[in-house]
Amino acid sequence: MNERRTFSADLAAEVRRVAKLARIYVSEDDVAQWTRDLGRILEYVRQLNELNVEGVEPTAHAIPVANVLRCDDPAPGLSREEALSNAPAARDGLFIVPKIIE
Amino acid sequence: MSTSTPVAGPSSLSDALVALQRKEISSEELVTGLLRAIERWNPVLNAYIHVNSEDALACAREADARRRTGDPAPWLGVPIGIKDNICVRGQPCTCGSEILKSYRSPYDATVSRRLREAGAVFVGRLNLDEFAMGSSTETSAWGPARNPWDVDRVAGGSSGGSAAAVAAGMAVAALGSDTGGSIRQPAAFCGCVGLKPSYGRVSRFGLVAYASSLDQIGPLTRSVRDAALLLSVLAGRDPMDSTSLDVPVPDYLAAVDRAPDHLRGCRIGLPREYFAEGIEPDVEQAVKAAVADVARLGADVVEVSLPHTHYAVAAYYLIATAEASANLARFDGVRYGLRVPSEDVVEQYERTRAEGFGPEVKRRIILGTYALSAGYYDAYYLRAQKVRTLIRRDFERAFQQCDLLLTPVAPTTAFRIGERILDPLTMYLGDIFTVPANLAGICAISIPAGLDSRGLPVGLQLMAPALEEARLLQVAHVLEQTRPRLPRPPLASRASKGSPA
Chain Y
1 MNERRTFSAD LAAEVRRVAK LARIYVSEDD VAQWTRDLGR ILEYVRQLNE LNVEGVEPTA
61 HAIPVANVLR CDDPAPGLSR EEALSNAPAA RDGLFIVPKI IE
Chain F
1 MSTSTPVAGP SSLSDALVAL QRKEISSEEL VTGLLRAIER WNPVLNAYIH VNSEDALACA
61 READARRRTG DPAPWLGVPI GIKDNICVRG QPCTCGSEIL KSYRSPYDAT VSRRLREAGA
121 VFVGRLNLDE FAMGSSTETS AWGPARNPWD VDRVAGGSSG GSAAAVAAGM AVAALGSDTG
181 GSIRQPAAFC GCVGLKPSYG RVSRFGLVAY ASSLDQIGPL TRSVRDAALL LSVLAGRDPM
241 DSTSLDVPVP DYLAAVDRAP DHLRGCRIGL PREYFAEGIE PDVEQAVKAA VADVARLGAD
301 VVEVSLPHTH YAVAAYYLIA TAEASANLAR FDGVRYGLRV PSEDVVEQYE RTRAEGFGPE
361 VKRRIILGTY ALSAGYYDAY YLRAQKVRTL IRRDFERAFQ QCDLLLTPVA PTTAFRIGER
421 ILDPLTMYLG DIFTVPANLA GICAISIPAG LDSRGLPVGL QLMAPALEEA RLLQVAHVLE
481 QTRPRLPRPP LASRASKGSP A
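The listed protein sequences derive, respectively, from chains Y and F.
Just so you know, we're using our numbering here: the first sequence kicks off at 1 and counts up by one.
Just so you know, we're using our numbering here: the second sequence kicks off at 1 and counts up by one.
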């Protein structure tokens, strides 16, 4: 992120690319707004470059716990009706979605 | 029972528990009083986004009936307000978002189940920034919650509804969630107590995830003792949350009730970076007054350094948004929530998410997706995680020199509605004193310090090492006793003087 390139005009292209990855439709107005916002925020977070993090381990969880296991015992979960109770579209006990495979 | 005061009956959780146990008040009376206060003040404050009037009254009557038959459940009939991102079976859980406006939880969060089993009654759903992303409750699809001390100002966020309801007497106590200060900052802005437990102390099962490595559920209450009471119900290992810690839960109430009347032998650290530029003089003065009081009570006050504080906001907003971009992928219009129908499934996802999410949520998803995407992962996300390690080590070093840290909660008191909402970076920078505790996984509490020159509450933050909530609550209780008792917010005093209810 040292490269100024990131903060040039092709940030707008990056916003479009990232919005596609995030599955959010963007209008041209959105692109303009988010390019401004993202540019400013990235410029701010770039100050992390001032720090020497050579040899520093990343922290994913502040209080790490590893290999948490539980017994593989069957227990009641949500019923099918409950699981479908918020579905935008359901039929025959199934979620209905647009056709995916021709 | 007077109908003109904002709260009929006991105003604190401690008092309510005692009054119910002694049968001085029934749960029905207590809930009725709260519903009246809500009816009167919620149109002004917008703290609740859904009120369970009938259901809460039915549960209160049932609790009263159970109490008459000798049911020993300790919290029987105690009304609690719940932030609208924590699931309660059968109730809405909108997260302040269009995308979940019609959602009803088919199950209880573990904290809700624990409260239910203890006998609590759920009064309603409290306003929040959309998916807890914000510091002012202005990003809520339901409109901003307002500050009971000045309705033109924010209640703080993201748990602004919880703080406003507790402060204005529309809730005896409430649950919030804290990812970067979302319990502590609104508590400070509204003049109540807000506790962020250590990461893993309280189960996150049934909390709609924002940033999973930072999120914690905690209480917003009228006193430190009330926070201890509530935490003792919430805390503990839960098989449904593999990050909840399998360690004993101390007796928090005993820690408070057996608190000494001094702080001799207690080392209180003042991190010099928290008293640097940008903090309002009134806030600084309020914290300095508290420092003088802890010294008077015998504490050793030591200056310490948390040298990476300045980088916490940058690290936080990269890590939190990266995690959010993954967590919010589930809102795709398939299994629940809004669907904007299309023939093409990808277009359906894109349209649903474009319409369902508000601007701040989209901004954070875009930033987080960017920080995780190919070519930027090492430069942004990984680097932020390494800086997180440096921040964690700062605290480890500081806690070798002191037992607790005493700091401001936020650089300012409550700001005006609309003042920061169009300037995301300025909004983010206000979180500077609260995000470090989340990054480090430690526990922290906000308690009222007094009022500033405009009559707005100022908060004090105490921070303690992970899992040291008992120590934190004890010292917070001792410090609380030294603070002037806040008057009622102007709303409430207007009411008790005021016009007929």
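Since the hints were derived computationally from the structure, they do not count as laboratory data.
There's no promise every hint is true.
[What the hints assert, rightly or not] Computed spacing ranges between beta-carbons, pair by pair: (1) Y/Ala66 <-> F/Gly143: 37 to 45 Å; (2) Y/Ile96 <-> F/Ser242: 40 to 48 Å; (3) Y/Val97 <-> F/Pro484: 33 to 41 Å; (4) F/Gly455 <-> Y/Val68: 16 to 24 Å; (5) F/Pro484 <-> Y/Asp72: 31 to 39 Å; (6) Y/Arg16 <-> F/Glu284: 15 to 23 Å.
[Stated by the list, open to error] EDC-like, lysine to aspartate or glutamate: derived pairs with alpha carbons at most 20 Å apart: (7) Y/Lys20 <-> F/Glu360; (8) F/Lys386 <-> Y/Asp10; (9) Y/Lys20 <-> F/Glu347; (10) Y/Lys20 <-> Y/Asp10; (11) Y/Lys99 <-> F/Glu273; (12) F/Lys288 <-> F/Glu273; (13) Y/Lys99 <-> Y/Glu82; (14) F/Lys288 <-> F/Glu277; (15) F/Lys386 <-> F/Glu360; (16) F/Lys101 <-> Y/Glu82; (17) Y/Lys99 <-> F/Asp344; (18) F/Lys386 <-> Y/Glu43; (19) F/Lys101 <-> F/Asp332; (20) F/Lys23 <-> F/Asp71; (21) Y/Lys20 <-> F/Glu355; (22) Y/Lys99 <-> F/Glu347; (23) F/Lys101 <-> F/Glu360; (24) F/Lys386 <-> Y/Glu82; (25) Y/Lys99 <-> F/Asp71; (26) F/Lys101 <-> F/Glu355; (27) Y/Lys20 <-> F/Glu277; (28) F/Lys386 <-> Y/Asp72.
[Claimed, not checked] Every beta carbon over 12 Å from chain Y, so not counted as near; a handful from chain F, in silico: (29) Gly90; (30) Leu297; (31) Ala329; (32) Asp332; (33) Val345; (34) Asp403; (35) Thr482.
Even for Gly, the Cβ is constructed at its ideal location relative to N, Cα and C.
Hints, verified against the model:
For the pair Y/Ala66 and F/Gly143, the beta carbons lie near 44 Å from each other, so the given range of 37 to 45 Å is met. Evaluation of the 40 to 48 Å hint for Y/Ile96 and F/Ser242 yields a failure: the beta carbon distance comes to about 33 Å. Evaluation of the 33 to 41 Å hint for Y/Val97 and F/Pro484 yields a failure: the beta carbon distance comes to about 59 Å. Take F/Gly455 and Y/Val68: their Cβ atoms lie about 49 Å apart, and the range 16 to 24 Å is violated.
Separation of F/Pro484 from Y/Asp72 is about 57 Å and departs from the stated range, judged on CB atoms against 31 to 39 Å. For Y/Arg16 paired with F/Glu284, a C-beta distance near 45 Å fails the hint of 15 to 23 Å. With a C-alpha separation of about 18 Å, the suggested pair Y/Lys20 and F/Glu360 falls inside the 20 Å cut-off, and the hint holds. For the hint pairing F/Lys386 with Y/Asp10, the CA-to-CA distance comes to about 28 Å; that exceeds 20 Å, so the pair is violated.
Of the pairs offered as hints, the one joining Y/Lys20 and F/Glu347 holds, with about 10 Å between alpha carbons and a cut-off of 20 Å not exceeded. Between Y/Lys20 and Y/Asp10 the CA atoms are separated by roughly 15 Å; this keeps the pair inside 20 Å, and the hint holds. With a C-alpha separation of about 57 Å, the suggested pair Y/Lys99 and F/Glu273 falls outside the 20 Å cut-off, and the hint is violated. For a cut-off of 20 Å, the pair hint linking F/Lys288 to F/Glu273 stands: about 14 Å separates their Cα positions.
Simply put, Y/Lys99 and Y/Glu82 have alpha-carbon atoms about 24 Å apart, too far for the 20 Å limit, and the pair is violated. The hinted pair formed by F/Lys288 and F/Glu277 meets the criterion: a straight-line CA distance of about 15 Å does not exceed 20 Å. Only pairs whose Cα atoms come within 20 Å are accepted, and F/Lys386 paired with F/Glu360 is rejected, the gap being roughly 26 Å. Distance hint between F/Lys101 and Y/Glu82 is fulfilled; the C-alpha atoms sit about 18 Å from each other, no more than 20 Å.
For the hint pairing Y/Lys99 with F/Asp344, the CA-to-CA distance comes to about 7 Å; that is within 20 Å, so the pair holds. Proximity of F/Lys386 to Y/Glu43 is assessed by CA-CA distance (about 19 Å); at most 20 Å being required, the pair is judged to hold. In summary, the hint linking F/Lys101 to F/Asp332 is supported, as the alpha carbons are separated by about 14 Å, within the 20 Å threshold. The suggested pairing of F/Lys23 with F/Asp71 holds, with an alpha-carbon distance near 13 Å, which does not exceed 20 Å.
Distance check on the hinted pair: Y/Lys20 and F/Glu355 sit about 15 Å apart at the alpha-carbon level, within 20 Å; holds. For the hint linking Y/Lys99 to F/Glu347, the alpha-carbon distance of about 12 Å falls within 20 Å, and the restraint holds. With a C-alpha separation of about 17 Å, the suggested pairing of F/Lys101 with F/Glu360 holds against the 20 Å cut-off. Distance check on the hinted pair: F/Lys386 and Y/Glu82 sit about 42 Å apart at the alpha-carbon level, beyond 20 Å; violated.
About 55 Å separates the Cα atoms of Y/Lys99 and F/Asp71, which puts this hinted pair outside 20 Å; it is violated. For a cut-off of 20 Å, the pair hint linking F/Lys101 to F/Glu355 stands: about 12 Å separates their Cα positions. Under the criterion of a C-alpha separation no larger than 20 Å, the hint pairing Y/Lys20 with F/Glu277 is inconsistent with the structure, at around 40 Å. Of the supplied pair hints, the one linking F/Lys386 and Y/Asp72 is violated, its CA atoms being roughly 36 Å apart against a limit of 20 Å.
Listed as a non-interface residue, F/Gly90 fails to keep its Cβ farther than 12 Å from every Cβ of chain Y; the least gap is roughly 10 Å. With 12 Å as the threshold on Cβ separation, the claim that F/Leu297 sits away from chain Y holds: the shortest Cβ distance comes to roughly 31 Å. Distance to chain Y contradicts F/Ala329 as a non-interface residue, since its nearest Cβ pair spans about 8 Å, not more than 12 Å. Non-interface call for F/Asp332 relative to chain Y: violated, since the shortest CB-CB distance, roughly 7 Å, does not exceed 12 Å.
For F/Val345, the shortest C-beta to C-beta distance to chain Y comes to about 5 Å, within the 12 Å cut-off, and the non-interface label is violated. The beta carbon of F/Asp403 is kept farther than 12 Å from every beta carbon of chain Y, the shortest such distance being approximately 19 Å. Here F/Thr482 stays apart from chain Y, with its beta-carbon at least about 31 Å from theirs, past the 12 Å limit.
Comparing the model with each earlier hint shows violations of hints 2, 3, 4, 5, 6, 8, 11, 13, 15, 24, 25, 27, 28, 29, 31, 32 and 33; every other hint is respected.
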